[in-house]
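Chemist: Start from chain A and add chain B according to the hints.
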Amino acid sequence: MARRESPLAPVHAAAGAKLVEFAGWRLPLQFSSIAEETKACRTTAALFDISHMGVLVLRGEDAARAARRMLTKDVTAIPDGCGAYALLCNDAGGILDDLIVMVESQTAVGLVVNAVNHEKDAAWLRQHLGSRDVGMDDGRGRGFAVAVQGPRAEEILRAVASGLIPEHFAAWAHLEVAGAKVVASRTGYTGEDGFELFGEAADGPAVWRALLDTGLGLAPAGLAARDVLRQEMGYPLWGQDLDETTTPLDAGLRWAVDWTGEFVGRQALERARPTRRRVGFGIEDVGVARMGATIYRAGEAIGRVTSGTYSHHLSAAIGQGYVDLSAKAEVGDAVEIEVRGKRLKARLAKLPMLPARTQLGWTKVKGKTQP
Amino acid sequence: MSFPGDVKYTETHEWMRREESGVTVGLTDYAQGELTDIVFVELPELNRHVDEGEEITSLESVKAVGYVYAPLAGTIVAVNEKLSKQPELVNQDPYGEGWIARLQPDEPEETVDLLDAVGYRLKTEEKPEEP
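As they're listed, the protein sequences go chains A and B. Using the working numbering, the first residue of the first sequence is number 1, and each one after it goes up by one. Using the working numbering, the first residue of the second sequence is number 1, and each one after it goes up by one.
Any given hint might turn out to be false.
To be verified - Below, simulated EDC-like cross-link-like pairs (lysine to aspartate or glutamate); rule was C-alpha separation at most 16 Å, straight line:
#1 B:LYS82 x B:GLU42
#2 A:LYS120 x A:ASP243
#3 A:LYS345 x A:ASP333
#4 A:LYS120 x A:ASP137
#5 A:LYS342 x B:GLU42
#6 A:LYS342 x A:GLU270
#7 A:LYS18 x B:GLU34
#8 A:LYS18 x A:GLU36
#9 A:LYS18 x B:GLU42
#10 B:LYS85 x A:ASP137
#11 B:LYS82 x B:ASP93
#12 A:LYS328 x A:GLU284
Since the hints were derived computationally from the structure, they do not count as laboratory data.
Chain A with its partners taken away, still in its complex shape (with noise of 0.2 Å):
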């Protein structure tokens, strides 16, 4: 795969970040440490260089029902200028990947996918739509995508941009910045209030700096901070706690999917008798227990931890792994985890591991109730 760099390389660059290879892309995975990047998104704001996701759009008279058919949300009963998390399965009820859904109208659906599932999910989706009424738009090295994340978020962008703000958690809307138009999402992959904006490559740096500039506690922060405000979160990253043998239910993602229709996978979840589920744990011990490490509980092996890490914020290791359900293990119970031929002392947690400060969601505004 030929590497690909971010549109705001050259910033990073001259602010002396670090860089790293992720699913084909360079970018940032550290600009001070990770400490004081991840102390930044939850008491001021950080900035993060998102521009590997992949943007995809559908349009044509089907384009949400088409996109109905292809994930486990209801697109349909989307309002315009909503968006909402979602998962694209397999017909075995496996996830391809998750991502966002954003609506703009029943005729265009643009879809934020993982960087390191872009090409297969364009090829699926092209296969699968199934529509001559439906085509699909690539954003692929096209665009710059931002996150401004953290309690301050909504302060900082409204410093910087005019028209309307979204209020709600996963609406969107239209905004100029800086002279450029963006897509601003209320999203994120923190926990933290805050944004995803989308605009043209050419306009990203411009962007960045505008957003830095408003002095207003926002730090640039990289994938590393990233990657541990999600884990504390408890929220899955494809390709370590996802994958196309795992489904929504083993997942505990059941909440992502609507029942109220036919969609690609769903045949499958209706007759799968899930024998595994996820769930979060804590180190008790001095170590990091990574992707791959086993959980023990009274000396039987009982798991398989997929994701870890260590939160400053938490003062602990933390991690996320999948526990068979024969096992009856409870949130709380002690477990040892091999690391290294040692076993750690751990602790089976409740996700998420701190309360979500993101907004309230437009479901539960405009009177809707989450299935």
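Modeler: Then chain B, alone, in the frame of chain A:
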């Protein structure tokens, strides 16, 4: 990134400094940067004998685990106990307060084939081949 001239460097990213009390060993500035925030340092075992290239200890960062290898054969005569409470010293001051262990070399006069600052800097600047 700093490459002080008063230490020697290994290919595995340790530095060593000869002092009267022995040979002090730590992790290079480059290596601490690659690891990101270090959160746990397992203190090396005092009085243990290590061969050249043998693992002295491991460090956990937010992103990964890192290992520290002995630049020469010797006995561990001191460990930086501060690191158990303040592992971030390895990030903040890798060549000073963040030192990891002191070795008494088996053969004090032995010269080991290590990199100097320029050689090590060149090594860290080697870019992996583009696919």
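Chemist: Hint numbers the structure violates, sorted upward?
Modeler: As far as the earlier hints go, 6, 9, 10, 12 are violated by this structure, in ascending order.
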